[in-house]
Amino acid sequence: MTPCKNLLSVESLYKAFLGKKKGLSRARTPAIKAVNGVDLEVKRRETHALVGESGSGKTTLGKTAIHIYAATGGTIVFDGRDITQLAGRRLKAFRREAQMMFQDPTSSLNPRKSVSATISLPLRIYGNISSGQRKLRVEELLATVGLPRPFQYRYPHSLSGGQKQRVGLARALATQPSLIVLDEPTSALDVSVQAKILSLLANLQQEHDLTYLYITHDLAIVRNIATTTSVMYLGRVVEQAETEDLFSNPRHPYTKALLSAIPIISEEEKRHKPAEVTLEGDIPSPSNMPVYCGFFSRCQEKMAECQQVDPALVQVENDHWVRCLRFAHRREAERTPYPLTTKGQRS
Amino acid sequence: MNTTSRQSAQYKSGFQRAAYRFFRSPLSIIGLVIILVISVVAIFAPLIAPYPKDAISGVHFGNSFQPPSLAHLFGTDEVGRDVLSRVIFGSRLSLKVGLVVVTISVLVGVPLGLVAAYVGGPWEVVIMRVTDVFLSIPPLVLALAVAAVFKPNLTNSMLAISFTWWPWYVRLVYGEALSIKEEDFVEVCESVGASKSHIMFKEILPNMASTLLVKVTLDIGYAILMGASLGFLGVGAQPPTPAWGTMVSLGRVHLSRAWWLTTFPGLAIFLTVLGSNLFGDGLRDLLDVEMER
Amino acid sequence: MSQHILEIKHLQVWFHTIDGVAQVIQRAELVVEPHQAVGLVGETGCGKSVTAKVILGSLPVPPAEIKQGEVIFCNEDLLSLRVKQRKELLKQSMSYIPQDPMTSLNPVFTIRQQMVDLIKWHKCANIGLGGLLGLRGWTKNKPARKTALQLLDYVNIPAPEKIVDSYPIELSGGMRQRVLIAMALVGDAQFLIADEPTTALDVTIQKGILNLMEERIEERGIAILYITHNLGVARRLCARICVMYAGNVVETGPTLELLEDPAHPYTIGLINSVPKLTKESYVGIEGTLPDYLQPPSGCRFHPRCRYAEEICRNTPPSLREVGEHRFASCHMIERFR
Amino acid sequence: MSGLFILKRLAYMVFTLIGISILIFVLTRVLPGDPARLALGPEANEEQVEDLRHALRLDRPLPVQYIWFLQNLVHGKLGKSLVTHRDVAKDILQRFPATLELVLVSLGLAVIIGVPLGIVSALHKDRVVDYLTRAVAFTGVSFPRFWIGIMLQLTVAYRLGLLPVTGRIGGLAPPHVTGLFLLDSLIALDFTAFGDTAIHLILPAITLSLSPLAQITRMVRANMVEQIHRDYVTVNRTIGMPETLLVYKYMLKNAFSATLTTVGLMLGWMLGNAFLVEQVFSWPGIARYGINSVLRNDFNAIVAVTLVVGLGYLVINFVVDLLYRFLDPRIRLEK
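As you go down the protein sequences, you meet chains Y, G, U and L in turn.
Per this note's numbering, residue 1 is the first one in the first sequence, and the count goes up by one each step.
Per this note's numbering, residue 1 is the first one in the second sequence, and the count goes up by one each step.
Per this note's numbering, residue 1 is the first one in the third sequence, and the count goes up by one each step.
Per this note's numbering, residue 1 is the first one in the fourth sequence, and the count goes up by one each step.
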């Protein structure tokens with residue numbers, strides 16, 4: 001594999017948050033393993049979707065992958081360079097290449113700063129450009145995201161949700177990054193606005209050769225915009241495949257449940273959904289994860305062994321990976337032509 | 001995109017909106033008026049006071065203990081000085097105490113609170129533990145203990161009060177900064193590589209400006225009250241300085257003979273504190289600040 | 001008189017704000033029949049929650065002002081009833097499931113305390129402070145507790161004996177929403193207003209709640225007004241859908257027909273905005289919701305509508321029949337359908 | 001879990017107390033001014049001062065002095081007064097109940113009057129009752145404590161002669177059991193002493209309670225008003241919870257537990273304000289003792305009083321924390 005095909009590749013990435021401190025002693029509550037050994041490859045100019053419910057660790061993974069959070073373990077290779085241990089000036093230099101757009105339009109803009117101050121902050125930090133040039137660049141960026149020029153003088157409270165997200169996008173584009181992590185950029189918006197933002201994102205990707213890591217819980221969006229998809233559960237990838245493949249042939253019981261839970265609005269859509277699966281119970285707390293399969297408590301297809309073994313992510317078809325004991329078994333029995341490898345072991 | 005709809009509506013400006021909310025409450029207006037009157041009196045004290053020379057030195061033994069009359073609206077004291085003039089000059093000292101104490105506290109407390117909340121780690125532990133220690137002695141008691149060590153005068157009492165006051169700002173700023181720190185825009189700034197001091201002072205601090213403003217307004221009154229209390233206990237400004245607390249304390253000796261000696265300076269303290277309280281509370285409503293106390 | 005359990009006629013609601021009068025609801029029309037689930041669908045700020053508040057009587061008046069209209073519930077006009085009668089009627093016959101399960105339970109009381117009080121209140125009228133202190137008319141706690149357990153079991157809460165003594169903070173969002181549904185089922189209400197009860201939940205949890213509502217509530221024959229912004233959720237649960245835009249009900253009809261063949265341009269735009277599994281293109285709607293302080297003249301959708309003509313700018317349309325049981329308020333329907 | 005919390009909280013108290021002792025120690029030894037010289041006055045000669053310095057171990061290095069100071073502290077030795085040469089610990093122990101009685105009675109007054117006022121104000125928000133209550137509350141926090149005390153003395157005691165001007169009791173004190181005269185007189189069934197004590201308490205207690213009363217009213221009002229807009233209140237109201245039950249049970253518990261957090265703080269301020277009130281009413285408590293020590297530069301006594309007040313404040317906050325945990329499950333159950 002040439003190093004340049006993947007813009008971002010992440011290998012056995014871990015991110016744990018220390019528990020809360022208990023008073024004066026050094027003891028802490030158990031650490032929360034938000035990201036627990038994830039492998040990920042994001043190809044240039046493509047969109048990779050991270051899907052999961054709240055508490056699945058998808059946002060943490062997104063932030064760790066571009067070094068907003070320092071990884072606890074594993075390696076992150078960006079554009080052929082290992083960025084896992086970057087610090088200081090080199091980290092700062094890397095920052096301009098990977099940006100993030102946040103979920104909450106209100107929280108992601110400083111209410112005390114005008115739109116132009118918000119967008120020009122990255123320009124100030126990186127570019128040695130005059131304030132006149134900066135102003136031009138801000139106007140150019142506003143135009144890129146479809147906002148008229150006078151918006152630069154506005155403050156966030158006078159913007160609608162969609163407009164705020166456009167400002168957030170303009171700020172992310174300011175440093176001309178090659179990768180943008182999009183953390184549920186439309187989940188706070190109405191559908192009619194969401195559609196506009198999604199098509200803007202698609203256009204920008206074409207025009208600026210952008211690569212997206214798109215974090216969402218909405219599978220209908222994933223189906224429409226992502227080339228490849230990882231489904232996350234409890235800090236791990238449970239299934240990873242090309243999006244088409246994932247939707248037409250989901251393997252992991254959790255993926256099936258997620259797909260069957262999508263609310264649809266027409267009969268035709270039903271044909272793209274698997275048979276009805278209803279999950280019981282809630283996602284277990286990431287602070288006391290079981291040593292066996294994390295999905296055991298809610299799984300509809302569980303077997304006795306599932307409570308003893310922690311399954312590995314195995315390849316069941318070309319580039320279709322599943323973390324489920326059923327597939328580990330079947331593959332041995334059927335002697336399928338694909339080599340039985342687990343991710344993280346291959347070189 | 002329909003961009004003009006919002007601008008074209010007859011929306012009130014931020015100032016009009018604030019003024020509307022402020023003037024809807026009669027209590028805040030009273031507060032504002034009191035503050036304005038006292039400030040004017042303090043600034044123009046030499047012009048307003050009927051007997052400016054009485055403020056400190058004047059001695060007119062023949063004129064002592066005159067009850068309030070047209071010549072002396074607030075009466076005269078044991079050496080015949082005009083109490084009104086002394087109260088008017090006292091407003092200068094009181095406002096000085098309020099402003100100096102609050103300024104020192106803000107200058108010390110705000111950076112410490114920001115560093116404790118944002119930088120965290122050992123800084124947080126050290127700053128907050130020290131703050132806790134200061135906060136666990138009632139301010140008046142600590143101020144008394146500090147004032148006891150120095151020579152009793154106005155400057156030292158201001159320093160003593162400031163010494164007990166800054167931790168309250170650390171605590172306030174710390175709490176505010178901790179919650180603002182959780183906002184996404186702080187993370188955005190980190191992710192584009194902004195410096196710590198930029199984030200603390202340019203991003204976080206402006207977002208607590210209204211909270212601080214309310215706190216400062218309220219605290220000017222409370223600091224004046226504390227200054228007067230120290231004066232009353234005899235560790236503040238010393239006679240013949242016309243400080244209100246000191247005047248109450250001196251007048252107490254002659255309470256049975258001349259009630260006006262204690263009544264009017266005390267009333268002045270009361271009005272000042274009331275004014276800052278009402279005004280501060282009006283500001284709090286207006287700026288939508290949630291705060292204890 | 002009529003077979004409707006709820007009928008809203010010509011409802012118009014204004015809000016008096018610092019900036020002027022916001023004409024938030026221009027003309028809301030709504031009918032819910034017994035045992036029927038009706039979805040009230042619209043985007044943020046379209047007035048669907050205000051409509052619900054008018055029915056529940058929880059709209060703060062002022063700043064709000066109900067300019068005109070009738071809300072006929074069980075053959076009584078709620079808007080002309082006295083407060084006390086109205087409360088009594090609502091207590092007897094109406095129930096409510098709120099939007100945010102995380103903040104809708106009192107944090108300092110256990111589930112049992114909250115449910116038992118409610119059950120006791122529904123069992124006997126007019127308790128007052130005396131009843132609070134156990135002085136009169138206060139039913140014993142034990143049967144109330146038993147009812148609480150039964151209800152929790154009824155909404156598929158595992159191990160209700162354990163849950164009943166927990167505080168809300170100990171429960172997950174899905175659990176809390178189930179508890180709130182159980183609380184809504186305490187009285188024998190015939191009508192239920194659900195205000196986006198699954199919006200705050202994950203899809204797999206949402207699915208469980210929707211299943212539950214479908215089974216349990218239909219089992220009891222309760223009519224529902226289900227408020228949501230999600231057409232898919234409305235399709236899942238509701239027999240009919242009312243689409244609201246900018247304070248108007250713009251279209252109403254049987255769910256499947258309305259979604260297959262929308263009549264109003266806004267409904268068409270809304271359906272076209274939803275990303276679909278079939279990978280049909282989604283386009284969104286140009287422009288933003290109008291400013292209620294200066295709403296557009298005529299049809300409120302006309303600035304965003306590509307079929308708009310002179311008449312749309314001048315005359316507000318009213319709902320008219322466009323098919324069997326289907327109504328839409330648009331002047332241009334014949335032109336483009 | 002709860003036991004662990006208490007232990008941690010106690011450890012924190014000890015830690016803070018050590019902090020206070022260092023603070024006070026540094027204040028009295030490092031800042032300008034020679035305690036020995038101050039204690040003996042300007043007439044004493046150099047030799048006498050030197051002797052006293054040696055006796056107080058002021059000639060040793062600071063850390064040694066601090067260790068010695070801490071050792072004595074642990075054994076309950078607070079040293080001798082430099083002025084009266086009496087045992088400071090004994091003096092304080094003797095005076096502490098008077099202060100405690102004053103503070104507790106004042107707090108009781110403040111709570112009994114303040115909570116209902118706050119509720120009434122919140123339920124009639126923006127109506128005449130509310131404005132009146134708020135005006136009273138603002139006045140309450142703005143009165144200089146010492147001045148309002150003097151004014152009460154002047155009017156109620158001097159002019160009208162209704163109540164005693166100063167002091168804690170007119171006749172004989174009841175037999176010492178707790179040191180709280182109200183309690184002791186009840187134990188001894190001495191109702192004359194009880195009445196006597198109560199009459200003497202009225203003015204100082206009113207003076208001291210004004211500010212906390214105002215604050216409690218404001219807090220209860222603010223918290224109740226906030227409750228009105230909470231989702232669960234709307235929900236309970238719409239599903240038919242009766243108004244009385246909702247207000248007096250459901251909202252009040254929330255509002256009160258939120259108010260409780262500031263009661264600890266308020267008690268701290270009251271301990272401070274007791275210094276003013278005791279001075280005005282010649283109340284024989286530790287605060288008055290403290291002021292006299294300050295005015296006489298009796299630094300052993302100053303250190304002791306400050307430490308005792310600090311300790312009292314910490315204990316109060318400890319109790320309030322426990323109560324708060326008991327009332328609010330959100331704090332208790334947080335993992």
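Bear in mind the hints are in silico, worked out from the structure with no lab data behind them.
Keep in mind that a hint or two might mislead.
Restricting the straight-line Cα-Cα distance to at most 27 Å, the calculated cross-link-like pairs of lysine-lysine (DSSO-like) are [what the hints assert, rightly or not]:
no.	chain 1	residue 1	chain 2	residue 2
1	Y	270	U	279
2	G	181	Y	63
3	L	125	G	151
4	G	151	Y	113
5	Y	5	Y	43
6	U	91	U	67
7	G	202	Y	63
8	L	77	U	91
9	U	53	U	67
10	L	80	U	84
11	L	77	L	90
12	U	146	L	77
Keep in mind that this is a model prediction, so the values were computed, not measured.
Going through the hints against the structure:
1. A hinted pair counts as satisfied when its Cα atoms are at most 27 Å apart, and residue 270 of chain Y with residue 279 of chain U qualifies at roughly 13 Å.
2. Under the criterion of a C-alpha separation no larger than 27 Å, the hint pairing residue 181 of chain G with residue 63 of chain Y is consistent with the structure, at around 16 Å.
3. The straight-line distance between the Cα atoms of residue 125 of chain L and residue 151 of chain G is roughly 49 Å, outside the 27 Å bound, and the hint therefore fails.
4. This hinted pair does not check out: residue 151 of chain G and residue 113 of chain Y have alpha carbons roughly 48 Å apart, beyond 27 Å.
5. Proximity of residue 5 of chain Y to residue 43 of chain Y is assessed by CA-CA distance (about 6 Å); at most 27 Å being required, the pair is judged to hold.
6. With a C-alpha separation of about 25 Å, the suggested pairing of residue 91 of chain U with residue 67 of chain U holds against the 27 Å cut-off.
7. At most 27 Å may separate the alpha-carbon atoms for a hinted pair to count; residue 202 of chain G and residue 63 of chain Y meet this at roughly 24 Å.
8. In summary, the hint linking residue 77 of chain L to residue 91 of chain U is not supported, as the alpha carbons are separated by about 68 Å, beyond the 27 Å threshold.
9. A distance of roughly 15 Å separates the Cα atoms of residue 53 of chain U and residue 67 of chain U; the hinted pair therefore holds under the 27 Å criterion.
10. For the suggested pair residue 80 of chain L and residue 84 of chain U, the alpha carbons sit about 72 Å apart, so the restraint of at most 27 Å is broken.
11. Taken as a hint, the residue 77 of chain L and residue 90 of chain L pair is honoured in the structure, with Cα atoms around 10 Å apart against an allowance of 27 Å.
12. Only pairs whose Cα atoms come within 27 Å are accepted, and residue 146 of chain U paired with residue 77 of chain L is rejected, the gap being roughly 61 Å.
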